[in-house]
Amino acid sequence: MTGRQVTTAAAPTAVQALQTALAAEHAAVYGYGVAGALLTGADQTAALADWRAHQEARDTLEAMIVKLGATPVAASAAYALPFAVQDARSARRLAATLEDGVTQAYLGVVAVTDETLRTFGALAMLPPANRAVAWRGSTIAFPGMGDSPPPI
Amino acid sequence: MLAASATTLPLFAALTACAGPDPLSGPPPLSAGVRELLDAVTAEQNLIWIYNRTMASYSALAPTLTALLAEHQAHLAQLRAMIVEPPGRSVPRTVTSKPAVPGTQSAALAQLRATEQAASTAQLRRLSGASPALAQLYASIAASEATHAAVLATARTSGSAH
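Order-wise, the sequence lines are chains A and B.
Counted from 1, the first sequence has number 8 at position 1 by our numbering; the numbering is strictly sequential.
Counted from 1, the second sequence has number 50 at position 46 by our numbering; the numbering is strictly sequential.
With the rest of the complex left out, here is chain B:
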């Protein structure tokens, strides 16, 4: 049984500050903080999908992308761990953005770089109103994604990241 700590957010219970929700009216609406967390989870799933598709199209990029992909998987695990999933309900695992992989390696790298930069910026927008621990997780992931964008900017299409 999952136990909520000070740094986890219940997904479907105690999500709003309203008093005495009607138990027959279905689950209460998600709070803004939980929606942001779920958005962050979805964004990581989207990034992982793009990395996997890019590596499937350009195996020569694997030496560069494998380590970055592993870090996104670590991000996703940590974000998901911040959510308490009640029995019978789970965090969505749907990928919501599936862009086509560009026709050249350099264009594929550019797409990944732009996606990483956008993801980093989005993490920073989630800071407002988040708990201190969750804000730190968003900020750390934002910094990680910014470093990914920098690595991808200098990566050679031969596959070397540095």
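Pulled out of the complex, with its shape left as it was, chain A reads as follows:
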């Protein structure tokens, strides 16, 4: 779920990129279930709103993949968390990590050659990038690409 460096020597297919985004949304839906249980007050309210946003995004991606004639990847029964999540602080960190992962997955959609999907991917990056900032409390220079500059 952590931000990995994105390298794209060749453009992925539309279905591949959308399936990767869908897998990230599945992970986010699961992860917010974990994080939300450890949060209270305004943070829990925000986590609930974000959880619902990821469910909507998941449904959108599933519909897009079906429209392309493929079978949407299913959610896993459980996910290995990237670190121990046992209190509000680590829950907020998990939320930020989930949003970074989703942002990165949508950046993969930007690499496809289809212009409509490319724009969809770029626009879809904006909500998770903003949510990541809200959870982390700071911005990063290259959302979707991790903390390091992209490779040249």
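Derived by calculation from the structure, the hints in this document are not laboratory data.
A portion of the hints provided could be inaccurate.
Claimed, not checked - Stretch-level coverage of chain B by chain A, calculated; a stretch enters the list once three of its residues show a Cβ under 8 Å from a Cβ in chain A:
#1 72 to 86
#2 146 to 160
Said to hold, decoys possible - A partial selection of chain A residues facing chain B, derived with a Cβ cut-off under 7 Å:
#3 E122
#4 N137
#5 V140
#6 F149
#7 P150
#8 G151
#9 M152
#10 G153
Computed from a predicted structure; not experimentally measured.
Every residue gets a Cβ at the ideal spot worked out from N, C-alpha and C, and that includes glycine.
Once you've looked at the hints, dock chain B against the given chain A.
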């Protein structure tokens, strides 16, 4: 000597698909992709100029703006790195937009926020026709600028971003 990778664009050579350019007629015209990249560089230079002027006018905003400015400088470095500069020619470093800094901190923040939002939208317009790697760079910068706009919307004039 610079070596062009799959993700860099030569600035003045091999810019168009025309066959056999006349070597005596001067450099060939810039391709649409290179023009977009140069526009992106100029836009970042303009943003950096506005940030510097705003911070010079309102030092209390420095705690908020310093980190955002640093990210714009990182954007500029990455965009410039996508361009191959032949010997003797370089990417323009001209700032093309120098708006006046508003008379209040809140208005200055609002100007920065609007500029960030416009810059993000402009990055998205550059996606069409770009290579996958360059499109991803534009999209990532667009997302960064959108987060800047959000941070500036909630920033207090005392200087706190969050």
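Going down the list of hints, with the structure as the test:
1. 72 to 86: holds (count 9)
2. 146 to 160: Answer holds; 8 residues pass the 8 Å Cβ test.
3. E122: For E122(A), the interface hint holds, since the closest Cβ of chain B sits about 5 Å away, which is under 7 Å.
4. N137: Holds, because the Cβ-Cβ distance from N137(A) to chain B comes to roughly 5 Å (cut-off 7 Å).
5. V140: This hint holds: V140(A) lies near chain B, its Cβ roughly 5 Å from the closest one there, short of 7 Å.
6. F149: Holds, about 5 Å.
7. P150: Since chain B brings a Cβ to about 4 Å from P150(A), closer than 7 Å, the hint holds.
8. G151: Since the shortest Cβ distance to chain B is 5 Å, the answer is holds.
9. M152: Since the shortest Cβ distance to chain B is 5 Å, the answer is holds.
10. G153: violated, 10 Å
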